[in-house]
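> Each chain is listed here by its residues.
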Amino acid sequence: MGIVDRSEPMKATASQGRPIVRMRGVRKAFGPRVILEGLDLDVGAGEKVALIGPSGSGKTTILRLLIGLTEPDAGTIEIDGQYLWHSSRGGTLERADEAHARQVRRCVGMVFQQFNLFPHMTALQNVHEPMEQVLRLKRPEAKERARALLARVGLGEHVDKRPSQLSGGQQQRVAIARSLGLQPKLMLFDEVTSALDPELVGEVLGVLRELAHETDMTMLIVTHEIRFAADIADRVLVFDAGRVVEDGSPEIVLKDPSHPRTRQFLRAILER
Amino acid sequence: MRGALWDWAYAWSVMPDLMRGFALTVQLTLISAALALSLGFVWSVVRLAGVPLLSPLAWFAAEFFRGTPFLIQLYVVFYVLPNYGIAFSPDATGVLVLGVYGAARSVELYRAGLESLPQGQWEACLALNLPLSYVWRRAVIPQVAPVVLPMLGNLVIVMFKDSAVLSTITVLELVSRARDAGLASFRFLEPLTLAGLLYWAVSYAAARGVRRLEARGGHR
Chain H
1 MGIVDRSEPM KATASQGRPI VRMRGVRKAF GPRVILEGLD LDVGAGEKVA LIGPSGSGKT
61 TILRLLIGLT EPDAGTIEID GQYLWHSSRG GTLERADEAH ARQVRRCVGM VFQQFNLFPH
121 MTALQNVHEP MEQVLRLKRP EAKERARALL ARVGLGEHVD KRPSQLSGGQ QQRVAIARSL
181 GLQPKLMLFD EVTSALDPEL VGEVLGVLRE LAHETDMTML IVTHEIRFAA DIADRVLVFD
241 AGRVVEDGSP EIVLKDPSHP RTRQFLRAIL ER
Chain X
1 MRGALWDWAY AWSVMPDLMR GFALTVQLTL ISAALALSLG FVWSVVRLAG VPLLSPLAWF
61 AAEFFRGTPF LIQLYVVFYV LPNYGIAFSP DATGVLVLGV YGAARSVELY RAGLESLPQG
121 QWEACLALNL PLSYVWRRAV IPQVAPVVLP MLGNLVIVMF KDSAVLSTIT VLELVSRARD
181 AGLASFRFLE PLTLAGLLYW AVSYAAARGV RRLEARGGHR
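Chains as they are written, first to last, in the working numbering: chain H, 1 to 272; chain X, 1 to 220.
The hints are simulated quantities; they were obtained by calculation from the structure and are not laboratory data.
Only true hints are included.
The calculated lysine to any residue pairs, modelled on SDA-like cross-linking and capped at a C-alpha distance of 20 Å, are: (1) K185(H) <-> L126(X); (2) K138(H) <-> S133(X); (3) K138(H) <-> T122(H).
Covered stretches of chain X (in silico footprint by chain H; criterion: 3 or more residues with CB under 8 Å from a CB of chain H, positions within the stretch not fixed): (4) 109-123; (5) 134-142.
Quantities reported herein were computed from a predicted structural model and do not represent experimental measurements.
Each residue gets a CB set at the ideal place from its N, CA and C atoms; glycine is no exception.
Using the sequences plus the hints, can you model the full thing?
Okay, structure coming up:
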């Protein structure tokens, strides 16, 4: 019981203050396959939320919806008080365009399973060029901040290397620095260690842990690393077949799950 | 000397004419290649952009031009369109038709290049909220160019050889000159052989250049 806050009883679903994410009645299907149906989800500013559940249960789809990589078939998504795909005019919601979505998702960052770095650029260019483009920083300042970010994720020595010269874990840390550079309020982590060799997982989780403990950024983390989730999350959501079947603090959800499906899933994962 | 297998003096005498034809062939090829590659780029962007009506039309037009013989297209523009008041000089007709034909073929190459870019690259650009101009200039083109440039190079080589067909609409390019020289003296061996060698020399050198381009692309 190192950190006192965590052992205090709290209502896990309560999002302190204004929610940064508010999803209402969200439906998403790919062809005949319904991934999410009638999903309501609030995430409070600053919360660190772990999303766990079997593959295909809709966790990744939620992240992709929140950054606008896919559009919901129905329902609304609000990011930091603004509708992502709608604009509210005189109390009624109207369908908004791509330019509107673009503006709303400026405060959202995402780190992908496959890193998706630009392979022809150095680590430094991968980080500082988006800062110039999106934050409109002058090059010297962007470079300086990018160096600082890369040093912070432990890559101070590797700023001039290309992705192909870095290990998977190092590439993923560049990708995290690249997202952080844009100063998002909400960061989405999509199975960021799944593509890594086992010995490289720790270094990436270490960066995430530090971010979780030292920043007030809201973090949504899709992961299969249950112990890691228990360690850094304030709140764990367990998904099954597009629905939230557990929602609470890691102590409650992971140690004493109410839903039989959760027990089954956790057992399967912990026994790996 | 008439019965000799190869008449050097005659071969030498037709060279100035052949070189004039060769110069025109190279010029026509370069102009139509410039037209083909730039028009083809815009054409494939329109095709892939998903604009209602316009994109399917671009798709259909590319399929149509690729799927009909170049010679027919050439004859239609040269012999049919003038009946409707649309007439170009032989050289202009040649550049236009060869250029459009090349553009239609390049649409497929640009498409293949763009599809070689992993979906994750586009997704990262969107997730980072990067402006579209930057996405193309710094993310897409530098990654796609090493794939597309060798293919476009090969297309230009094919266009260079296809330009021989322009001899059928009185363009005085290399084949026309060789044929005319042969008709004037009833000796075809020397002019046709020399013309063939000129085509081969350029194609071979260009193909080597393309291969070097490919090798460089592979190292990235």
